[in-house]
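**Q** Okay, here's what each chain looks like letter by letter:
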Amino acid sequence: MTDVALPPAFADLAPFADWILPVERDRHRKRVTSDLATTRRFYDAMLPRMEAVLTYLNGRSWETLDAADRTLFVLASAFMEVSHPIELGWKSTDIEDAFPYQRLEFLSVSARTPWGDR
Amino acid sequence: MPAMSARVQTQFRGETGDLAHRVPILEKLAPAHFEQERAKIFRRAWLPVAHASDVPEPGSYLVRNLPTLQTSLLVARGRDGQVRSFHNVCTHRGNKLVREGHGCRRQFSCGFHGWTFSPEGELLVVTDEHQFQDLDKASLGLRPVHTEVWEDLVFVNVEPEPREPLRAWLGELAGDYGGYFARHVRASSNRVIVKCNWNLCVNSFTEGYHTLYIHRNSVPDYQGGTINPQRHRPLMQMFRRHHRYSAPANPDHVLTPAEALAVKYGRKILPAFDGDMTGMPPGVNPARYEHWAFDVVQFFPNVVILFGNHWHIELFFWPVDATTTEVVQDFWFYTPATIGERVSHQFFLSRGRQVFLEDLTTLEAQQEMLSSGALTHPQLSRQEMSLQHRYKVTQEMLAAP
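Protein chains in written order, with the working numbering: chain A, 27 to 144; chain B, 14 to 414.
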């Protein structure tokens with residue numbers, strides 16, 4: 027896992043490299059196709075680190091974010107994505123009888139927002 | 014703790030005496046009925062298709078394919094700064110001028126024979142022009158569609174001469190939202206095609222009665238609470254065509270750990286609610302209800318906007334045919350100043366998406382079972398009066414010559 031570049035203070039999060047998904051669609055798909063135990067391991071590792079992560083990221087500028095900082099931002103975003111089934115006590119990572127996630131098409135907003143596709 | 018007698022009673026405003034609480038649904042699902050709706054509602058209405066900020070500069074354009082109107086529109090900002098819409102058709106042989114997407118161009122050239130148009134719609138270049146006889150270039154500009162901008166929304170009307178200007182169409186809503194849309198930028202956009210009649214789709218997003226049940230897993234305690242256990246809307250307004258209601262927040266909502274972080278490092282966005290009305294235009298939380306969550310406004314016929322503080326959500330329901338609807342949802346959030354706010358956005362965005370997906374879960378099931386004919390006249394609650402109102406306005410437009 028040494029090829030995962032994270033800010034040195036957050037190197038402990040490197041085992042969760044498969045949650046480094048920069049695009050919203052991919053984070054959603056990863057969540058609903060992961061089992062609850064796997065998702066909970068990621069959530070449990072991230073939650074106690076989130077205050078430090080957010081404090082660290084708030085000291086950075088979006089325009090000059092380097093690759094390691096951006097990876098940390100993406101992991102924090104993935105934490106928010108997985109928080110729902112864990113904190114709401116669902117039996118799986120999607121609700122029962124959910125509308126099929128495959129049918130949700132994410133449209134590009136890149137040309138129309140200050141931050142590009144997410 | 015408030016006494017049970019403090020339960021919220023809905024304040025109804027507007028004409029409600031002539032609403033029918035039983036709806037003859039079966040006839041409304043028929044293909045012939047939809048063709049009437051297409052002709053007398055969609056082809057006569059002012060319909061929002063884009064934002065002016067989507068085409069920010071002279072030459073900026075976007076393509077809107079609208080199967081409901083059986084056309085594709087090219088929305089473009091001219092060099093004079095004006096936003097216009099055209100049928101997206103080359104006036105030579107009818108090729109679709111711009112296939113997809115958006116961007117910025119000085120001119121639009123047809124890929125078929127190279128005819129070229131300006132962003133204002135003029136025909137600029139006919140290739141090998143002297144081979145044509147009696148060619149009147151001035152009459153061969155792009156075919157315009159009536160276009161007006163209200164706040165940041167671009168409305169179109171495909172009638173040769175609209176029956177009324179946009180502001181009259183908007184009626185009571187027209188002056189209510191000054192500057193509101195400029196507060197937000199588009200954070201995410203998604204689309205679903207559902208095998209369901211468009212009326213049923215709109216109806217699923219224009220009442221709050223369902224929230225206790227369909228959203229029990231994703232937003233269990235954001236609305237209502239002990240002061241309003243049945244989540245009665247504090248205010249419902251029936252306008253000439255449109256309607257609006259306010260949704261009630263639960264003042265005793267308990268933050269979960271991730272949400273607490275999202276609120277600490279950012280601002281509250283649906284499903285969390287900030288009732289601070291400072292600087293808010295009069296149309297938002299019009300009753301200035303103390304435990305306000307957000308407003309739901311139906312822009313008749315097919316657009317629903319949820320107006321919040323720090324956010325809004327736009328829902329577009331475009332029927333393809335009687336039993337197929339394209340649903341587009343756009344999330345608009347405040348512009349993040351910090352990276353913490355960007356992470357905070359992701360909490361609310363992913364939760365809001367979940368709520369949206371839940372709203373979709375009953376649509377095809379309803380379509381399937383209502384089509385059976387086993388239930389011909391569904392009965393609507395007072396909390397579903399917005400649906401009653403919508404059917405009334407629909408009937409009025411269908412009855413017009």
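Calculated from the structure, these hints are not laboratory results.
Please read all numbers here as calculations on a predicted model, not as lab measurements.
Wrong hints could be hidden among the right ones.
Just the calculated beta-carbon pair ranges, DEER-fashion [said to hold, decoys possible]:
1. Thr389(B) with Asp123(A): 35 to 45 Å
2. Asp52(A) with Glu113(B): 19 to 29 Å
3. Thr59(A) with Pro391(B): 32 to 42 Å
4. Asp52(A) with Gln120(B): 30 to 40 Å
5. Ser118(A) with Thr389(B): 53 to 63 Å
6. Glu135(B) with Ala78(A): 53 to 63 Å
7. Leu73(A) with Leu411(B): 25 to 35 Å
8. Gln408(B) with Gly85(A): 22 to 32 Å
9. Gln120(B) with Ser134(A): 43 to 53 Å
Which chain B residues stay away from chain A? Per the calculated CB distances, all over 10 Å, these [as the list claims (entries may be wrong)]:
10. Glu135
11. Ala151
12. Pro270
13. Gln359
Calculated lysine to aspartate or glutamate pairs in the EDC-like style (CA-CA distance at most 20 Å, straight line) [unchecked claim]:
14. Lys117(A) with Asp38(A)
15. Lys281(B) with Glu77(A)
16. Lys53(B) with Glu177(B)
17. Lys208(B) with Glu40(B)
18. Lys150(B) with Glu135(B)
19. Lys117(A) with Asp234(B)
20. Lys41(B) with Glu381(B)
21. Lys117(A) with Glu77(A)
22. Lys41(B) with Glu339(B)
23. Lys208(B) with Glu131(A)
24. Lys281(B) with Glu113(A)
25. Lys53(B) with Glu133(B)
26. Lys277(B) with Glu77(A)
27. Lys150(B) with Glu133(B)
28. Lys41(B) with Asp334(B)
29. Lys56(A) with Glu113(A)
30. Lys208(B) with Glu113(A)
31. Lys277(B) with Glu113(A)
32. Lys405(B) with Glu135(B)
33. Lys405(B) with Glu174(B)
34. Lys277(B) with Glu177(B)
Ideal placement from N, C-alpha and C gives every residue a C-beta, glycine not left out.
**Q** Note whether the CB distance of Asp52(A) and Gln120(B) lies within 30 to 40 Å or breaks it.
**A** Holds - the Cβ-Cβ distance for Asp52(A) and Gln120(B), about 37 Å, lies within 30 to 40 Å.
**Q** Does Glu381(B) sit within 20 Å of Lys41(B), going by the straight-line distance between their CA atoms?
**A** OK: Lys41(B) and Glu381(B) at ~14 Å, within 20 Å.
**Q** Just checking, Glu135(B) versus chain A, shortest CB gap more than 10 Å?
**A** holds (25 Å)
**Q** Within a Cα-Cα threshold of 20 Å, do Lys277(B) and Glu177(B) meet the stated pairing?
**A** Measuring from Cα to Cα gives roughly 47 Å; hence the hint is violated.
**Q** If you draw a straight line from the CA of Lys281(B) to the CA of Glu77(A), is it 20 Å or shorter?
**A** Roughly 18 Å between the alpha carbons, so the hint for Lys281(B) and Glu77(A) holds.
**Q** Assess, step by step, whether the Cα of Lys41(B) is no farther than 20 Å from the Cα of Asp334(B), and give holds or violated.
**A** At roughly 12 Å apart (the allowed maximum being 20 Å), Asp334(B) and Lys41(B) satisfy the hint.
**Q** Are all C-beta atoms of chain A more than 10 Å from that of Pro270(B)?
**A** violated (6 Å)
**Q** Just to be sure I understand the hint, the distance between the Cβ atoms of Thr389(B) and Asp123(A) should be within 35 to 45 Å; is that true here?
**A** violated (26 Å)
**Q** Sort out whether Glu131(A) lies within 20 Å of Lys208(B), counting only the CA atoms.
**A** holds (15 Å)
**Q** So if I understand the rule, the pair passes when the alpha-carbon distance is 20 Å or less; does Lys405(B) with Glu174(B) pass?
**A** violated (25 Å)
**Q** Check the hint pairing Lys208(B) with Glu113(A) against an upper bound of 20 Å on the C-alpha distance.
**A** Roughly 33 Å between the alpha carbons, so the hint for Lys208(B) and Glu113(A) is violated.
**Q** Verify the proposed pairing of Lys277(B) with Glu77(A), using a straight-line Cα cut of 20 Å.
**A** The given pair, whose Cα atoms are some 10 Å apart, holds under the 20 Å limit.
When held up to the earlier numbered hints, the structure conflicts with 1, 5, 7, 8, 9, 12, 13, 14, 21, 25, 30, 32, 33 and 34 and fits the remainder.
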